[in-house]
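A.B. asks: Here's the letter readout for the chains.
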Amino acid sequence: KAGVTQTPRYLIKTRGQQVTLSCSPISGHRSVSWYQQTPGQGLQFLFEYFSETQRNKGNFPGRFSGRQFSNSRSEMNVSTLELGDSALYLCASSLGGRALWAYNEQFFGPGTRLTVL
Amino acid sequence: GESVGLHLPTLSVQEGDNSIINCAYSNSASDYFIWYKQESGKGPQFIIDIRSNMDKRQGQRVTVLLNKTVKHLSLQIAATQPGDSAVYFCAESPPFNKFYFGSGTKLNVKP
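Protein chains in written order, with the working numbering: chain A, 1 to 117; chain B, 1001 to 1111.
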């Protein structure tokens, strides 16, 4: 079974631009979560999508948004990029069923390394 | 929000020794915990999980201990190998909620 894939793996943008990152979950997984990882803040939860609906949201500004498609693939978008947005963006997929949510192991992708100049 | 922290940001051990990585969590409602390993340039990899109705769980060379009284989680790695060198994260999750990750502990295994 193929793992979680993320594209692109590396991205360089300048301040003020916007960026879209893509995540394809493991086949059969309906939940996709996005995280930002920086040396100073560690892994910070951005949001989680399940069946095309945002189910949980972290404490990030509205410049960070996401969506999920009917095939469970997900994209996240960051508008008006700032230098502080430079980070590794990770996506994780899980089965995501509500009754099993508390015990759903999350499988991570390799991440997209975003550098904002 | 919840906070999950680690006592030791860096741990150096000799190859063959046992390693213990600690984690404190703050939400007494959390009922599911995971340890992840992250190697350089890769995403976190699941190591072992434990539910709050257990206080110990063993895997291959790894053991997770959960002390709900003091809200403490630990990961024990037996006979540590150079391939175990990585950053280790603990994560907690309250029921039907998102995961909260600790800041990570870097494990250095000296040959």
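Hints should not be assumed to be uniformly reliable.
With a Cα cut of at most 25 Å, we get these calculated SDA-like pairs of lysine to any residue [to be verified]:
1. B:Lys1068 with B:Val1087
2. B:Lys1068 with A:Leu88
3. B:Lys1042 with A:Gln44
4. B:Lys1106 with A:Lys57
5. B:Lys1071 with A:Gly28
6. B:Lys1110 with A:Ser70
7. B:Lys1056 with A:Gly40
8. B:Lys1042 with A:Gly40
9. B:Lys1106 with A:Gly28
10. B:Lys1056 with A:Leu88
11. B:Lys1106 with A:Pro110
12. A:Lys57 with B:Pro1094
13. B:Lys1106 with B:Gln1060
14. B:Lys1042 with A:Ile26
15. B:Lys1068 with A:Gln44
16. B:Lys1042 with A:Gly58
17. B:Lys1042 with A:Leu114
18. A:Lys57 with B:Ser1026
19. A:Lys57 with B:Gln1045
20. B:Lys1106 with B:Ala1079
21. B:Lys1056 with A:Arg67
22. A:Lys57 with B:Arg1051
23. B:Lys1056 with A:Leu114
Covered stretches of chain A (chain B as the covering partner; in silico rule of three or more C-beta atoms under 8 Å from a C-beta of chain B) [stated by the list, open to error]:
24. 23-32
25. 63-75
Derived from the structure by calculation, the hints contain no laboratory data. Built from N, CA and C at the ideal position, the CB exists for glycine as well.
A.B. asks: Next step is simple, just say for each hint if it's right about the structure.
C.D. replies: Here's how the hints hold up against the structure:
1. B:Lys1068 with B:Val1087: Roughly 24 Å between the alpha carbons, so the hint for Lys1068 of chain B and Val1087 of chain B holds.
2. B:Lys1068 with A:Leu88: violated (32 Å)
3. B:Lys1042 with A:Gln44: holds (17 Å)
4. B:Lys1106 with A:Lys57: violated (28 Å)
5. B:Lys1071 with A:Gly28: Distance ~34 Å between Lys1071 of chain B and Gly28 of chain A Cα, so the pair is violated.
6. B:Lys1110 with A:Ser70: Distance ~48 Å between Lys1110 of chain B and Ser70 of chain A Cα, so the pair is violated.
7. B:Lys1056 with A:Gly40: Violated, because 31 Å separates the two Cα atoms, which is more than 25 Å.
8. B:Lys1042 with A:Gly40: OK: Lys1042 of chain B and Gly40 of chain A at ~18 Å, within 25 Å.
9. B:Lys1106 with A:Gly28: violated (33 Å)
10. B:Lys1056 with A:Leu88: violated (32 Å)
11. B:Lys1106 with A:Pro110: holds (19 Å)
12. A:Lys57 with B:Pro1094: Measuring from Cα to Cα gives roughly 14 Å; hence the hint holds.
13. B:Lys1106 with B:Gln1060: This hinted pair holds, its Cα atoms lying about 20 Å apart.
14. B:Lys1042 with A:Ile26: Since the Cα atoms of Lys1042 of chain B and Ile26 of chain A sit roughly 17 Å apart, the hinted pair holds (cutoff 25 Å).
15. B:Lys1068 with A:Gln44: holds (24 Å)
16. B:Lys1042 with A:Gly58: holds (23 Å)
17. B:Lys1042 with A:Leu114: Given pair Lys1042 of chain B, Leu114 of chain A holds - Cα atoms ~14 Å apart, limit 25 Å.
18. A:Lys57 with B:Ser1026: Within the cut-off at roughly 19 Å; holds.
19. A:Lys57 with B:Gln1045: Roughly 23 Å between the alpha carbons, so the hint for Lys57 of chain A and Gln1045 of chain B holds.
20. B:Lys1106 with B:Ala1079: holds (17 Å)
21. B:Lys1056 with A:Arg67: It is violated: about 38 Å lies between the C-alpha atoms, which goes past 25 Å.
22. A:Lys57 with B:Arg1051: holds (23 Å)
23. B:Lys1056 with A:Leu114: The given pair, whose Cα atoms are some 38 Å apart, is violated under the 25 Å limit.
24. 23-32: n = 0 at 8 Å, threshold three: violated.
25. 63-75: n = 0 at 8 Å, threshold three: violated.
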